[in-house]
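Sequence order for the protein chains is A and B.
When we follow my numbering, the leftmost residue of the first sequence carries the number 1, and every step to the right adds one.
When we follow my numbering, the leftmost residue of the second sequence carries the number 1, and every step to the right adds one.
One or more of the hints may lead you astray.
Unchecked claim - Per label pair, the in silico range of CB-to-CB distance:
#1 A/V36 x B/D122: 55 to 65 Å
#2 B/E314 x A/Y87: 22 to 32 Å
#3 B/S243 x A/D20: 28 to 38 Å
#4 A/E218 x B/A205: 53 to 63 Å
#5 B/E3 x A/D20: 57 to 67 Å
#6 A/R38 x B/E338: 53 to 63 Å
#7 A/E278 x B/S310: 49 to 59 Å
#8 B/E3 x A/R19: 26 to 36 Å
#9 B/A205 x A/H127: 24 to 34 Å
#10 A/S95 x B/D122: 17 to 27 Å
#11 B/K54 x A/E18: 53 to 63 Å
#12 B/K54 x A/A274: 24 to 34 Å
#13 B/P121 x A/T265: 39 to 49 Å
#14 A/A274 x B/A239: 55 to 65 Å
Said to hold, decoys possible - Covered stretches of chain A, going by a simulated chain B footprint (3 or more residues, C-beta under 8 Å):
#15 48 to 59
#16 92 to 99
The set of hints was computed from the structure by calculation and includes no laboratory data.
We treat Cβ as the ideally placed atom computed from N, Cα and C, and that holds for glycine.
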Amino acid sequence: MIMTMVQAINRALAGEMERDDRVVVFGEDVGRDGGVFRATDGLFDKFGPERVMDTPLAESAAVGAAIGMAALGLRPVPEIQFMGFIYPAFNQIVSHVARLRNRTRGRFTAPLTIRTPYGAGIKALEHHSESTEALFCHIPGLTVVVPSSPYDAKGLLAASIRSDDPVIFLEPTRLYRAEKQDVPEAPYDLPLRQAAVIREGRDLTIVAWGAMVPVAHEAASAAEAGGVSVEIVDLRTLSPMDRETILASVRKTGRALVLHEAPKTCGLGAEIAATIGESALLSLKAPVMRVTAPDITVPLPKNEDLYYPNTDRVLRAVRKLMEY
Amino acid sequence: MIERFDPLKGERLRVLDEDGQAVPGLDPNLSDDLLRTLYERMVQTRAADAKALKLQRQGRLGTYAPSVGHEASQVGLASAMSRDDWFFPYFRDLGTFLTLGYPLADYYHFWMGNEAGLRTPDGLNIFPISIPVASQIPQAVGAGIAAKSRKLGIAVVTTFGDGATSEGDFHEGLNFAGVFRTPNVFVCINNQFAISVPRSRQSAAATLAQKAIAYGFPGVQVDGNDVLAVFAATWEALAVARSGGGPTLIEAYTYRMGDHTTSDDAARYRTKEEVQQWERRDPLARFRLYLGRKGLWDEAYEKEVQAAASDLVEKSVAEAEARPPASVDDIFAYTYAEAPPDLNAQRDELKASLPEGRR
C-alpha cells in the first residue's frame, strides 16, 4: 500500500497494538485528536481510552508514568509532541529509563518506546526544529533510532516496540509527508542496531540518517554526473551504532563524509570520525569530513534554510575530499 | 477517619498521645500479635539503622541516609500494605523495606556499594530506591494507571520527603493521579528538613497534606511518630484506592533525628534544644507505653526483642559482607538486554587491563 512516513508510523502503532495488548499509547493530543501530525489518528476509536490516553501536559510525568506502567507489564509508547519539549523528561530518561535494568540487575526493565518528531525544515516556531540526538546517544542503556523512509519507519518502530530495551524513536518531521512508498500491510520488523547501505559506490562514503538521507541521495546523484561514485550508509540506529557497516564501506571507498543536521561540536559526526580514525586509518585517502549544522540555535523559519545542510554544501565537501 | 481531619483547619490525626494513651474512638484496635509485630519491626529498624551508621564509620558501608526517628512512619505505612500492592520508595526507607520483607542483607549490600543489593527478590513488588528527589512519584502513578486499567484491585504506595513536594515531578505526578483517579497512596514523610533547608522554605502552605486538595483528592496530616495513626490512615487510604476511590496524600509529620546522610552535619543548621524536644516524642518510647498499658510489654519481652533484632542485624551484616564483589561482567551485563559488540569490546579491554583477581 502506498503511504507516507507518518501513515507508516500510524500503521506500525496499530499493528503492534493489535499484536500485543500490552502496548499502550499516550501523551498530549494523541487521543481524540490523533496527534498534531496525525501519527495516532484513529487509534483512540479503535483501541479505546485505556490504551490510547490523552494525558495532562507534563512530559516528565508521561515518561515517569511509562516506567511504572512497564513495571506492571505494559509496553508503553509515550509520545513527546516535539523533541524540543523532551527536556522536562530528561531526568526520567537519563536517571531511570536508561538505568533501571542495571540498577536492579535485571529485575526491572523499561521497555518503552518514546516517540518524538524532530528536526528542522517544516517552518515551525522555535523549539520545534531541534536535532539533539547526540544527547541521548551519550547515555548508556538507551537505543536511539531514526528512520528515513516510510518502509523503514514501519519496520523500525515495530522493532522498537518489541525491543526489551528503551528506545528513543526520532521521527524526522521533514520526511513525514515528503515521500510515498509501497509499504506492506502486514506487520513486520526491521533489525535494530543495523545500518543500511542504501546506495553503493566506489569513491566516497556518506554516513547520514533521517532527513539528511534524501540530501545525501541528491548530492550523490549530482556527484555521479561528475564522475564520482558515492556510497550512502543510512545509520538507522544511531546508538548502539553499527560501526562495522560504516567501517566496511570506508575501507572500500577510502573517503568518508558524515552528514547531520545537528550542530557540529560533539555531534555524532565526531564519534563516527573517531571510529574511522581508530579502525580504518590506513584505508583513508583523505581526512574524514563533516557537513553539519553550525553551532548555533536553529534560526526561525525565515532563515531556517541556512541552517541545515543542503546538497550544495555536501557537494563542496565531496569535491574537497576528492581533491585532497 | 481521614475525612475527619481537615488539613486546612490544622487538624492532625493522632491516635497515641505522648504518654502512649490512645484517643478514644481512634484506636484501630489491632490484634495483640500485630501490635507486637509493629513494635518488633520498629526495634529492628532502629537497630539495623544504628548498625549501618557504625559500619559507615568503620569504612565498611558507604554514604548512608539514616532512618532514626522515622520508624513509626515507615513501619506503620508498610504494615498496612498487602503483598500484592506495589511500593515505590525514596532513599530513606529502611523500616518500610524490612516490613515488606526485603532482606536486610540485601539492603546493606546496596548501601555497601553494590547494585546487586537492589535486585528485589522475586515475588516482592518493591521498586528500587530512588535518589533523584520526587522522580519516583510519576512512576508510582504509572503503576497505578496500569493497575487500574488491568483491574488488578491493588494499590500503589510511594514515599518521599518534604523537599520532594517542591519538585515538578510531585506536582505532575499528583496531577496525573487526580486526572486518572489512580489507586495511589502518596506518603510524604515530612521530617522538617531537606538536608539543611527547613520545611518553611519548601512551601508557604500551612500543611503539605492540603496540596492534595488542588489535585482533586483528599490529603491528611498524621502524626508520623505515632505508628497507629500512620497505620490507620494508610490502611484506610489503601482500601479507598483498591476499591476505585482514587488517590490520597498522607503527610506523616515527623522529625529527622539523624543527619541527612553520613556526609552531613545537622548541628550546622539546627539547635540541640530542638532535637531534644523531638527526642521526647520518640516513636518507639511512645508505642512502648501503649503496649505496657495493654500488658503487652515488659522488660523480659524488651530483652527478647532487642536480642532478636541484634541477631538479625549481625547475621545480615555477615551475609552482606560475605558476598563476592561485583565482577567486570556484572557491571557491563545489565546495560542492555543484549550487549552490543562495542560494549563487549570495552569490557574485554577493561578486563585485559586488570590483574587476574579483579577480572
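Hint by hint, here is what the structure shows:
1. A/V36 x B/D122: 55 to 65 Å: Violated: the Cβ-Cβ distance is about 42 Å, outside 55 to 65 Å.
2. B/E314 x A/Y87: 22 to 32 Å: violated (48 Å)
3. B/S243 x A/D20: 28 to 38 Å: For B/S243 and A/D20 the Cβ distance comes to about 30 Å; the hint holds.
4. A/E218 x B/A205: 53 to 63 Å: holds (59 Å)
5. B/E3 x A/D20: 57 to 67 Å: violated (42 Å)
6. A/R38 x B/E338: 53 to 63 Å: violated (34 Å)
7. A/E278 x B/S310: 49 to 59 Å: For A/E278 and B/S310 the Cβ distance comes to about 56 Å; the hint holds.
8. B/E3 x A/R19: 26 to 36 Å: Violated, since B/E3 and A/R19 (Cβ atoms, about 46 Å apart) do not stay within the stated range.
9. B/A205 x A/H127: 24 to 34 Å: Check passed, 32 Å falls within 24 to 34 Å.
10. A/S95 x B/D122: 17 to 27 Å: holds (25 Å)
11. B/K54 x A/E18: 53 to 63 Å: holds (58 Å)
12. B/K54 x A/A274: 24 to 34 Å: Distance hint for B/K54, A/A274 is violated at roughly 48 Å.
13. B/P121 x A/T265: 39 to 49 Å: This hint holds: roughly 46 Å between Cβ atoms.
14. A/A274 x B/A239: 55 to 65 Å: Taking Cβ atoms as reference, A/A274 and B/A239 lie about 59 Å apart, which means the hint holds.
15. 48 to 59: The restraint on the segment 48 to 59 of chain A holds, since 6 of its residues have a Cβ under 8 Å from chain B and three suffice.
16. 92 to 99: Since 3 is at least three, the answer is holds.
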